[in-house]
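Student: Residue strings, one per chain:
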Amino acid sequence: MSSNSGYVKEAPLVKGNHTFSSITALVADIVEKPTPFWWYIAFGISNLLMGLLFLMLGYLIWEGTGVWGLNNTVAWGWAIINFVWWVGIGHAGTLISAVLFLFRQGWRTAINRFAEAMTIFAVMCAGIFPAVHVGRIWVIYWVFPLPNQMQMWPNFQSPLLWDVFAVSTYFTVSLLFWYVGLIPDLATLRDRVKSKLAAKLYGAFALGWTGGNRQWQNYEKAYMLLAGLATPLVLSVHTIVSFDFAVSIIPGWHTTIFPPYFVAGAIFSGFAMVMTLMIIARKIYGLQDIMTIDHIEKMNIIILVTGWMVGFAYIMEFFIAWYSGVEYEKFAFVNRATGPYAWAYWIMMSCNVIAPNFFWFRKMRRSITVSFILSIVVNIGMWFERFVITVTSLAQDFLPGSWAYYSPTWVDVLTYVGTFGLFFTNFLLFLRFLPMIAIAEVKMVMPQADPHYYDEDGNEPVKETEELNEPNTNS
Amino acid sequence: MAQLFPKWANKVPKKLLLSVNLLLLAVIFGFWYWGSPKYTQVGYAPSQPIDYSHRLHAGELGIDCQYCHGSVMESANAGIPSTETCMTCHSQIATDSPMLEPLYEAWETGNPVEWVHIHKLPGFAYFNHSAHVNVGVGCATCHGRVDRMEVVMQSEPLSMGWCLDCHNNPEPYLRPVEEVTNMAWEPEEDHFEFARMVISKKNINPPIYCNACHR
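Residue numbers (our numbering), protein chains in the order written: chain A, 1 to 475; chain B, 1 to 215.
There may be inaccurate statements among the hints.
What the hints assert, rightly or not - List time: in silico DSS-like cross-link candidates among lysine-lysine, alpha-carbon distance up to 30 Å:
1) LYS283/A - LYS363/A
2) LYS11/B - LYS194/A
3) LYS200/A - LYS14/B
4) LYS200/A - LYS38/B
Unchecked claim - Chain A residues, not near chain B, derived (Cβ > 10 Å throughout):
5) SER46
6) PHE103
7) MET152
It is worth saying that the hints were derived from the structure and are not from the lab.
Owing to the predicted nature of the structure, the values given are computational and were not obtained by experimental measurement.
For glycine and all other residues, C-beta sits at the position ideal for the given N, C-alpha and C.
Just chain A, same shape as in the assembly:
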């Protein structure tokens, strides 16, 4: 028996027989070519929506949080739901860029730049909500331990404060990670663009990158360290977001399963968002060779797995509520499924637990249409999950006398719609001016980057391959 009997040839990560320079051209040309017409239209719409967001925020700050649909009983509404939703979406980027990097998953290189950008913009959208929901934005600096006339620190025992640190750390590390990854590609653009001004701009951010050996060594080390730093954040950020709920004593919130359940949900929704954006981008920019159908399949598998983790948590919550024997817990959960918000609960269940099951079938996993539709369905479901958690537990609390029904106002709705404007404005700028694929990293997972050239049986061939061009790193 041959010692290589277990060797299965992996599908190539980059399709279409590309060379190093054709990859560079494929990605960098997007930035160098004139702006396509559709971009202006999309950018215009996004800008309008972003304007709407600022209008709504201005109105909120001027008038106070009374313009939202909150009432005495339901003191947390869409703002918190949107915050958790956007932060959750961000998690996919960090998982792809940090965790998959440490696990040496070569396929991440096709989507990591893209997903990290999404993370950063999503966290920006998320950050708005906790900041404005305090009502008096001008004293928001109280969340930081700064000296003040009250001689008070923020309450270090409160998860709301941990959240401030968790999210701001997360944003900083994500930004750094993204930026460090961009440096070699920025240098590539610097060397390719025609305009002097563009060269200077890319050059300034490329920090004098020449692609020398020493630079690559430092770069790889820095990248590894940042990946190590970012990995715990994948778990910690949404754990702490879940503490915002779990540390309270509200039935339906006070649940020990929350941290893992929130993290799984975050990754679930994040991958769905990456999928939505990626399916559009690869089509428009003709990047099917790099973001292949195999990538989509792998991501769909992750969506299926995390979807079931979330589904398990939903079911387990019910079980524990019954098993605990606590009347209030039982009521909280039965009320979710049958009470005034049952419609939201069942939207959540069907979108998050039932819909992803299509991905058990290979055909569905590899269908662009199905992937696209389900990715949107999942994100709708995850929004409703946060709605169900936040609103149902508050609306029917311990005192039936104070029960109330919560509905958002137009300001709530338009603010949420507006955050998409902010998100897509940033994202379109990213697509237009930065390489949306990590050019240098994709090259590392191409066969040309592996100088051994195993043949089908895993043996080293004797003959040289013609594709071995000059060992270039960034052109």
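Given chain A's structure and the hints, the job is docking chain B onto it.
Tutor: This is chain B only, laid out in the frame that chain A set:
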């Protein structure tokens, strides 16, 4: 290819990092110093509808504070004297003074004199004069030497930190209750023995839990 950047550009990132951090610290310090009530509140001395002088009445004439701020020992508010209180003297004294015209006008029309409020806590903070004055915290501790002021000026920040500074350690500020309105009172040699004695006798225990002041 020609170099895009001159040589000094190498140092820019480091310098940028340093200056951004310094700027941040400067901003924090600036707000902490110039933004604090010590800076923004102390010294507030609006001009009043009548050029009434504490230096003359409370200082030179030696009228006791309670003659005009009569509810200070009994209630939360010290109170501002009514027109009648002034008229106890000014129905006879300096009746032809042009400075007193607004007072006589108020007296005739029955409208109160519109004094400008100086020491003012936000509505969410509760303060009670009687609780302080009756255990021997003097007016001068919180309002300064009013008897030397031509126009009343806020001399303490009245910030929460200021309240707490005393609540955490009231000893240096206590005096015999008879002396609270005495502006010139100075602590004696054995002040701390006295203070400890008063504290244990009256069981003085200034609250520092939030809902003492934020009810």
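Student: Quick check: which numbered hints come out false for this structure?
Tutor: 4, 7
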